[in-house]
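Chemist: Chain by chain, the residues:
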Amino acid sequence: MSSNVLHEQENPGNSKFGFIVFLLSESIIFLSFFVGYIVYKTNSQDWLPLGVTELDTKGPFINTLVLISSSFVIYIAERYLHAKNLWGFRIFWLLTMLMGIFFLYGQAVEWQGLPFSFTDGVFGGAFYLLTGFHGLHVLTGVLLQSIMLQRSFVAGNYDKGEYGVWATSIFWHFVDVIWVILYLLIYMWK
Amino acid sequence: MKNSTIVKLSIIALVLAAISFWSGQQSYSWFPPQASLEAKLIDGLFSFLVSLGTFIFLGVLGTLSYSVLFQRAAKYDYSDGPAIEGNNTLEIIWTVIPFILVVWIAFYSYQVYSQMSIQGSKDHSDSEAIEVYSRQWAWEFRYPKNNVVSSELHLPVNQRAFLKLQSEDVIHGFYVPAFRVKQDIIPGKTIDFEFTPILEGKYRLRDSQYSGTYFAAMQSNVIVESPEEYQRWLASSAKAKRTPSYNQAYQEFNNKKSKLRGWRSIKPAEPPLVNNLSPGE
Amino acid sequence: MTNITNVAIEPANWRRYFSFSTDHKVIGIQYIVTSFFFFLVGGLLAMVVRGELITPESDLVDRTVYNAMFTMHGTIMLFLWTFPVLAGLANYLVPLMIGARDMAFPRLNAVAFWLVPLLGTIMMLSFLVPGGPAQAGWWSYPPVSLQNPTGNLITGQVLWVLAVAISGVSSIMGAVNFVTTIFRMRAPGMTFFRMPVFVWTVLAAQIIQLFGLPALTAGAVMLLFDLTVGTSFFDSAKGGDPVLFQHFFWFYSHPAVYVIILPVFGVFSEIFPVYARKPLFGYKFVAVSSIIITILSAFVWVHHMFASGTPPWMRMVFMASTMLISVPTGVKVFAWVATIWGGKLRLNTPMLFALGALVMFLFAGITGIMLAAVPFDIHVNNTYFIVGHFHYVVYGAAVLGIYAALYHWFPKITGHMYYEGLGKLHFILTFIGTNLTFFPMHPLGLEGMPRRVASYDPEFTFWNVLASIGAFLLGVSTVPFILNMIGSWSQGEKAPKNPWRAIGLEWLISSPPMIENFEELPIVTSEPYGYGGDHALVANLEHLEIDHE
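Protein chains in written order, with my numbering: chain A, 54 to 243; chain B, 179 to 459; chain C, -14 to 534.
Bound-form chain A, shown alone:
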């Protein structure tokens, strides 16, 4: 069948190109949800569910700071890897993961304390849909990071390049940007 020899046309550049293309497409899903949120909010008279005057922003704000910072942390980890400092890479990579887990934990705590549910009107639906879908991506990011962390212990893992780390990192930045927009839409826009 198809041989495993690296032919003239295969190269990691293809994987990077493909991954970017994929992320661009993925961003359109979020864009669609954002548009839906905007349409619902601008068309409704009573946006927030009965009894809810406003959303508590303290927890989400802390979460936002943590997530944005984690983008810097993962960048530092990448620089260490580039300089072939494996332990530096691992420490900052692990730190990123912890920050991601903290974000998920904070999300869960916020969800627990909310007085409305997924089926509480259009607002409830939109809120949990957006934050849930985003949270799913954070979880995916953390899982990818854990795989990359494991792989960093395999001898000679980076001989052919650091595509996996690069992709996981880009994905993480993507998740971060999505969160910023989401935060502005849901928590800041009155």
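Just so you know, these hints were derived from the structure itself, not from any lab. Wrong hints could be hidden among the right ones.
Derived coverage of chain A by chain C (criterion: at least 3 residues anywhere in the stretch with Cβ under 8 Å from a Cβ of chain C; other residues may be distant) [as the list claims (entries may be wrong)]:
| # | segment |
| --- | --- |
| 1 | 68 to 76 |
| 2 | 89 to 95 |
| 3 | 165 to 178 |
Virtual Cβ for every residue (Gly too), placed ideally from N, Cα, C.
With chain A fixed as given, assemble chains B and C onto it according to the hints.
Modeler: Positioned in the frame of chain A, the structure of chains B and C alone reads:
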């Protein structure tokens, strides 16, 4: 280009134009009767589009047919044809002319649409409006000023009709082919809709937006009559007792004698109670 | 260079085609054959629909069954026939046409394919659950699609949404693969403006998939939650907005029709030059028009909603954009006519199908411009005029175009020649059947017959009978095709490298191609369609493959 070619092409163009004009004229007969002002506008637009379309279709088809008939390779001629790769002038012409044509069509259509103005204005009193209720799978018409409920829509001829369209469950479509008007009815919204009937007669009203099991059976009649007959109908209906109207979906659903097996369906709503019992459709 | 021992694929080894192969040629054939099976299934459903519509009354099947028939007919024809078969053709041809050994991501390619039988199985299983399959039309508009008479959680509608979601995942995988392959794996010397138009159109179509599908996914996810857990996104009874679903749906589904027709345009652009022995007229314009269509296609979706609750300004804006998209399309049509004009035509089966498809597309395009005119659309929206229009596109243009492609590349793919006589018979039956079935739908629509109806007023009987006869003829027309494909593949005359004396990279290698396609990657030295000229297509012809003859 040779003069004789220009002459030949001009003759062909003239013949095509004549055929196109003729088919444009024929197109009026492909519609139901023109029972509304809007119908006249739309039929005129369509006739224009048919003429234009016929000209283009016959022109291209004619060119292709000529090639297929007269430009075939000789049986053992395996050589290539002329290496013509393009012609910028031609490309520009057949980009610009279609562009101009569609701009023209768009403008004409815009004019027709604004003349139709079927989506409710608001310069009439709401009390003149007829309330149209749609539900799976029945039409109900209420004339609140006269306290009349009917399963058929009665309208006076040559007077603007004002309707308030409402759905009680799913999206339905208010469609009267003879009037050439259509409006989806979105549940949760009351939609103001208007048009002007100009021809007395009985026409069909059909649900046009797929609405479930008995969608096809959700039809009724529209009766356009003289203002005097219209008033008489209102007066006599108001006096009549209200009884359940005939409803095809309801009948079919409840007559389990049918030998056709199917899956579970949403139950049809109870037929509306109407003053004016019409013969079953 | 490399030391690959290139081996010809054994077509007789049928087990390859049921395996998880990462060879784009195998995957291409898997897509094509799988989707053709579903084409027949979808066709059978259409036979039930047309059988019911021979008479005005609802007397052949129960109304719920009829509604399931047209719903699943549309769904299967789109998601299990049209999209996959075109993915299959593109999969087979694109690497060959750009001089690559395979797609950029061969394993992703295989995964994308195997999702298709999975989603097909789910669709078929939906016929067996209580309540039956989805019955809300292939659009699944809420609130109708949210109604659940059985009250069960797993309904045909839920399975429908899941299957469509899987289709989306498969398509996005494919799109990432095609776009990467075309951008990054073209052979040396093949600039963008030396790519065959088929590759341009596949690129354009796959870009549409990338930006359009996610919107459908978003809508589908929200619909699924409404269906299963009781959220209120589209349920007007709970404050939701059913028209918003329509926007999500059509924002993808309109561009989706260009995903369908663009590769078919690509097929026309490949076929007409070969059988007219002339270069494609205005190649650059034709190539660029594909991208213009892609861009414009994102801005026309509301023309499916002219009668929904859309405000007048929105109707006018989208009327303008819809009319505009006819301009680059017209450029292509005129280019093909000019390619054919003055050539030396041979009316082989592929050419006949391509010509028939072109004429029917022309008709569909003209009715399309009529539909763009809002006042006219208000009358015929949701009537049989629309059904007639789009079937002239998806059957008249796309199916015939796909047949043209299958015949044209059959020798390359299988290494055998097909039977020309059977091919011509297939064409005649198909051309007559298509027109007989779908032309009558236009007067029906003008007269006011709604679509999706299991019963109709008796005045519509005449045209309906004609359409049904045509439909049965179309069913029959598939027989010579199936016989030809099976018979020729097993018994047909061996095919040379280039039976049509066509110009293109795929015609420089053996029929069927070696496993890795090219012994040495071609070095492209000229523009495509060089008929009548004297430029060599490649500089290293002698090295392209070991001569096994």
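Chemist: For every hint, state whether the structure bears it out.
Modeler: For each hint, the structure was consulted:
no.: 1; hint: 68 to 76; result: holds (count 5)
no.: 2; hint: 89 to 95; result: holds (count 3)
no.: 3; hint: 165 to 178; result: holds (count 6)
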